[in-house]
Amino acid sequence: MMESSARPRRLWLRDPLAILADGAGGGLVVEGSRIAEVVAAGARPARPVDATFDASRHVVIPGLVNTHHHFFQTLTRAHPAAINKPLFPWLMALYGIWPRLTPDAFRLATRLAYTELLLSGCTTAGDHHYLFPKGLENAVDIQVEEARSLGIRAVVTRGSMSLSEKDGGLPPETLVQDDDAILTDSERVLRLFHDPAPGAMVQIGLAPCSPFAVTKRLMRESAGLAERFDCRLHTHLGETLDENAYCLEAFGQRPVDYLEEVGWMTRRAWLAHGIHFNDDEVRRLGAAGVGVCHCPASNMVLASGQCRTCELEAAGSPVGLGVDGSASSDSSNLMEGVRHALMINRLTYGAEAVTHLDALRWATEGSAACLGRDDIGRIAPGREADLALFTLDELRFSGAHDPLAALVLCGAHRADRVMVAGAWRVIDGEPLGIETGRLREEHSRLARHLFGTA
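The sequence shown begins at 1 in the numbering used here and counts up one residue at a time.
Worth flagging that the hints you see were computed from the coordinates, not collected in a lab.
There's no promise every hint is true.
Said to hold, decoys possible - Derived DSBU-like pairs: lysine-lysine, alpha-carbon spacing no greater than 35 Å straight-line:
#1 K166 to K85
#2 K134 to K216
#3 K85 to K216
#4 K216 to K166
#5 K134 to K85
#6 K166 to K134
With the hints as extra help, turn the sequences into a complete structure.
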């Protein structure tokens, strides 16, 4: 069905099958880009509406918020060089081929990742791009252009690697930049694209890659830039025992001590993975308000370990969800990530300790908190109208009695409708303005050409 993304002034999403919001059994009213009111079951909106959408077939949840990804890795999914390896050998295998990345391939990888995320019900897409081979200096610009074209909300973090093998790091010389070039470009993209205001469609963060790929100077000066421009800080930390061992050998300290030394123990910062922290480190991270993005699929694929989600939350750290790189999770589907999070955390903490509502909360309110945003992640008056609507029409849902639980337990993976900032961006399971068949064909052709093993 073809339909414009234009939004009526007041739209009532009426009588949903279920909704993840208190007192909203009758739906919600969208006005402009925001939620104007929620409607109790059996009630009507307080003021007249211009249009009504019958949501009686739909389970309505806040738009999912992805807080860690590497879009370029969609080009090297299930790559023979990296299959069945833990993190460091996995990285070393792919470092050898990633320098082949071109601007055209990166644009298609970005478009494909945004589209995959949007179709899974994700309305705010965070990416950590740290790969800047020669010719790809404007990678952040490409990501912003693609987000604006698709209409998805984006948090693009300007990643970086400056510590090559010859300097004691992990990446090859072909993939690193010097600190000054990184900091100059970081300031450039912050000035061009970062919008710190509520309702922002594009925000920029600073994301030196990891302790084994950047200098301490870069970490410190990135923190200073973040203060100047009121932006977030992001990095990988505590992902594997190998990383802990590297930090002890290279710096004589564990990763959280490293984080504190470089001035990142702040509410501005959120970490990817956050697995191998001891009790004292969990306490310190929580006291500082440092967020953690839980990446269950990647952690299982690479056998990295299990994030201490419950302890981190109890200590005061926001906990969000991320699909992580498509070369380690082999997917950009955040709704699937919600199910993965539920399963691995039940295995860790027990069947009664973590519920489907916890997993959904991590993917919405928790992720929004990691990004420092209180305008998204929840269905409530005044919040941005970012919504994901799922139907339960597939065989996988037949016999399900609790619609919200069914989304997670029965394996929902594709939204029927997605709204971003009050405008429909997915209708009848298809993204507006994107020919998915053509996108897949072009993306797959470039992946085989640039990264094929033949």
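* Asked: Does the structure keep K166 and K85 at a Cα separation of 35 Å or less?
  -> holds (24 Å)
* Asked: Does K216 lie within 35 Å of K85 when you go C-alpha to C-alpha?
  -> holds (28 Å)
* Asked: Keeping to a limit of 35 Å between CA atoms, is the pair of K216 and K166 held or broken?
  -> holds (16 Å)
* Straight-line alpha-carbon gap K134 to K216, limit 35 Å -> At roughly 24 Å apart (the allowed maximum being 35 Å), K216 and K134 satisfy the hint.
* Asked: Quick one, are K166 and K134 close enough, alpha carbons at most 35 Å?
  -> holds (19 Å)
* To do: Verify the proposed pairing of K134 with K85, using a straight-line Cα cut of 35 Å.
  => Holds, because 28 Å separates the two Cα atoms, which is no more than 35 Å.
The structure meets every hint from the earlier list without exception.
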